[in-house]
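Numbering (the numbering used here), first residue to last: 1 to 1062.
Among the clues, some could well be false.
FRET-style restraints, in silico, Cβ to Cβ [what the hints assert, rightly or not]:
#1 D662 to A700: 16 to 26 Å
#2 Q816 to D774: 40 to 50 Å
#3 K819 to D977: 53 to 63 Å
#4 L839 to S998: 32 to 42 Å
#5 G547 to A700: 45 to 55 Å
Straight-line C-alpha distance at most 27 Å; calculated BS3-like pairs for lysine-lysine [said to hold, decoys possible]:
#6 K326 to K306
#7 K1054 to K1014
#8 K536 to K559
#9 K811 to K785
#10 K968 to K1014
#11 K1014 to K885
None of these hints come from the bench; they were simulated from the model.
Note that the Cβ used here is the ideal one computed from N, Cα and C, for glycine as well.
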Amino acid sequence: MQDNVDRASNHRPADLIGPSFQKSTNRNCPNHQEDDVDLEALVNDMNSSFESLYSTCSSVQSESVPLLQHNGQVHVHRDHHRSSPMPPHPHTSPSDLQPSPTSPKQRLRRSQPMHILAVRRLQEEEQQLRTSSLPAIPNPFPELSSSPVLSPGSLPPCQPSGTYIIKIFSEDGMGKVVEIPADMTARDLCQLLVSKSHCVDDNSWVLVEHHPLLGLERCLEDHELVVQVQASMTSEGRFLFRKNYAKYEFFRNPLNFFPEHMIAWCQETNGAIPPSQLLQNLLNSSSCPEIQGFLYVKEMGRKSWKKLYVFLRRSGLYFSTKGTSKEPRHLQLLADLEDSNVFTVTTGKKLHSAPTDYEFCIKPNKRTELKELRMLCTEDEQSRTSWMTAFRLFKYGIVLYQNYKIPQQRKTLSHFSTPVRSVSENSLVAMDFSGRIGRVIDNPLEAQSAAMEEGNAWRKRSQRMNILGSPSPLHHCLLSSVIHRTQLWFHGRITREESHRMIHQQGQVDGLFLLRDSQSNPKAFVLTLCHHQKIKHFQILPCEEDGQIFFSLDDGSTKFTDLIQLVEFYQLNRGVLPCKLKHPCTLTEGEEDPTTLCPTICKMDATEFRRRGKEMVDLIADYLENIEQRPVYPDVEPGYLRSLIPEEAPEEPDTYEDVVKDIERVIMPGVTHWHSPYFYAYFPTANSFPAMLADMLSGAIGCIGFSWAASPACTELETVMMDWLGKMLKLPEDFIAGTHGQGGGVIQGTASEATLVALLAARSRAVRMILASDPQRPETDITSKLVAYSSDQAHCSVERAGMIAGVRMKKIPTEQSDKYAVQGETLRRMIQEDKAAGLIPFYFCATLGTTPSCAFDHITELGPICKPLLNGIEFADSFNFNPHKWLLVNFDCSTMWVRKRSDLIGAFKMDPLYLKHDHQESGLVTDYRHWQIPLGRRFRSLKMWFVFRMYGLKGLQDYIRKHVELAKEFESLVRADHRFEISADVVLGLVCFRLKGSNEVNETLLKRINNSRKIHLVPCQLSGQFVLRFAICARTTESRHVREAWRLITQLAKEVMQELPH
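Input sequences plus hints: build the corresponding full structure.
Below, the structure is given as structure tokens:
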């Protein structure tokens, strides 16, 4: 990469603050009290001041020699005839360089960081440079003053050399990596990016230091060294490349920035300094007035804010402990300007509970934590802009003005800049309707009159003509309706909020504008315009005339054939707008957005996804934080949703805002809030923030992990997570894939899938075993005699698995006296009877925690009975449970282990050519498509990985124990009330209870409970009795929620009992 960096040797302050700079402008302002200031004369006077500055400093020519570094060499231009290469050296003296005289423009071609001398020496030199024409403005509190701060862009004597890698991001998240020298400034890097990105170089591009976690950002000053800034940033910080028209707006309109009440003129002047000298005084360290006013200040380490009267001086930011008093004993330092910068806070109201949306902060130039930031807040945007501008002026002073002037002087000299069409506004006559006078029509009434007189001839002449001399149909129906979509100022289907964000990011200067599609009228457009730091919206309506569509901002008084003509007109004529269109708010990456060329494509690019993703995270967090305020059970009738949405899908894409609005209107009324602390139905479904984050990542990766080759990480992480969980559960080593056994684990979608897979694998193995001993026996005869067993308390998915597999499933009866667990003797008797009847027992499904009562079948008693039928394998051949119930892993995640993986693979293996890969026969990898019914599978193990790592085994244990304790607490409440009874032993987190009496009474009680919509329960049937189940489900359930639920149950039970006939 060609290097184009200029360096500035050490400057004395006298080189930067010349005598003529402080000269009074009284010749332009005869009366000091005059309100109207000639800004052009002011700027011209400052320009002449700089010309005088460099003309008086011609004796120090060697201090402003530009060094152009090319290909690792430094060429020192001694004269225009010759140049000799020299190695760069930080201590090269000016006398060694011996340059030829250079003009001020040459000296200002690059940013010139300066070294600040010691305080006393600086004050002495500035005192010598002061002139009598400008009244002296001494600081009334010299003990609080100091010299101007060393600019972060200033090069220390031992500055590191070499090249550095910098990554620059655009607003859509796309990054560019550039290699830059250590002394490259922010301005030169922007010029490089402008060139590489083919942007329009209008001197408005900036480099932004962005801290997304802190919610901070600021525009780098042009003279700052990018490498030094990056060294002070945290790992999450990044550089953004975007436009900002307001960076130097103060120098264009200095008197509009600071209201009179913010400027504290010194007592000696008695208010005699005219406003026209405000700019000079703010840039001069010896005459700089202090800025004062009220600010909200956040207390360090706390969330509270205080409204304080604050003073900004060269030495720092102070607040008064006694009202608005300026006495030194009442002043305390809030923040020091040295080695710090001012940042805009983009998330203040939500992150810091700021009193307004207009927050900014002072951040030290180091890797800063949130607690080290000095948070400040103003009442409005103009005040925030004024304070931040004052901070920059006090910190950088004259260097800031140099930064403003240099781009204008070097426009034709920069190697990076792209050609820009330079046309004076007054030379444009496109909107002079008569075409006879070369001037701009500023008066809207005159423009309207001219348009009517000409009969819109200028529009008619712009139409395309076909070979027959008639208007081409393509022009109206195609070109005029889409040509604006190629313009940088058109942004398609963005929302009003998005347009506000873009205008704010690019400076909120007068005349900053963009066009977008209207959200309320699909045939209209909206002009979004900034004026006086307020954003206004003007609807552009289509109107038809003689079969042709025109566009108008003023109800048809002035019409245009397309939006480009409309924009060009209002760039030259204010018309009905508050100001002319001056600065197009373009796409921040400087390139055309491809989605605007086809409006039917959903415009969810990376930029919007970032923004919407944050909004969705906020929506989710707010939902879960406030979930207990919602009725736990919905109050809707079947079919409620169909009437709330259209009968057909939309032809054109809807906006994100429209979709989000419909969540609360359409979806939430019909949601049963499973994660409410008042939800006690069914069994828990896990929910945790780490699992949700993992689900987001899984969705983004979006792999279909049917084999190792399809996504190695998906397969291997699942294997390891299943081993982690198996060890946590103390499973036999035969089930752990990482051992020398033949087993392993797999994540299924639900327990129903796992049960079906296990049943099909058992059926396949049973058929193979019988055929091995009797090859002539028909397979249909074998399957017709197979019989499987399960408890009558088992989940209905077990019975459904038998139906799908085509085998008979027999339920083993249980008794309350046996705690609803299958007894070994009962199972042995049923097997013997079935074998005597010619049936073939092949499968038994034991349940550890049945759905109705959480009963545990006695595996140690049942295992030996099944042992002869399992070909010598002791006890269980497979095991399944759901982490998505109690291990904080969001649905779906059902884990299944097998002792012998060949049983699964043999039952389901299919190997078409398009699924084969090089490693499948190596024995080193697992292809999980052979372990399940579906082919595709999600990256579910990510959720387990996130949860296990972020909770740890101890955290999971504490969570489960808390739920068990809450269940025991509810059990004690039930036993203490003589009207109720416990129907089954309380195991883990489930309590089965009922109101003493008939089933009808309990049915009535349950209906009353659920109709209240304050809590939600479901029933079960135990020994013919209607029983209520109270399961601790939600992660956020606390003791107070359990007690509130019990108070409601007892209150409703009292009402039901009172209604019973006596």
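Going down the list of hints, with the structure as the test:
A beta carbon spacing of about 24 Å between D662 and A700 agrees with the range 16 to 26 Å that was offered as a hint. For Q816 and D774, the hinted distance range of 40 to 50 Å is satisfied, since their beta carbons lie about 44 Å from each other. Look at K819 against D977: about 23 Å separates their beta carbons, and that is not inside 53 to 63 Å. For the hinted restraint 32 to 42 Å between L839 and S998, the CB-CB distance of approximately 40 Å keeps it satisfied.
The hinted window of 45 to 55 Å between G547 and A700 holds, with their beta carbons roughly 50 Å apart. For the given pair, K326 sits about 18 Å from K306 by alpha-carbon distance, which is consistent with the 27 Å threshold. At most 27 Å may separate the alpha-carbon atoms for a hinted pair to count; K1054 and K1014 meet this at roughly 17 Å. Under the criterion of a C-alpha separation no larger than 27 Å, the hint pairing K536 with K559 is consistent with the structure, at around 21 Å.
For a cut-off of 27 Å, the pair hint linking K811 to K785 stands: about 16 Å separates their Cα positions. The straight-line distance between the Cα atoms of K968 and K1014 is roughly 22 Å, inside the 27 Å bound, and the hint therefore holds. Restraint check: the Cα-Cα separation between K1014 and K885 comes to about 23 Å, which is no more than 27 Å; the hinted pair holds.
Going through the hint list in order, the structure does not satisfy hint 3, though it satisfies all others.
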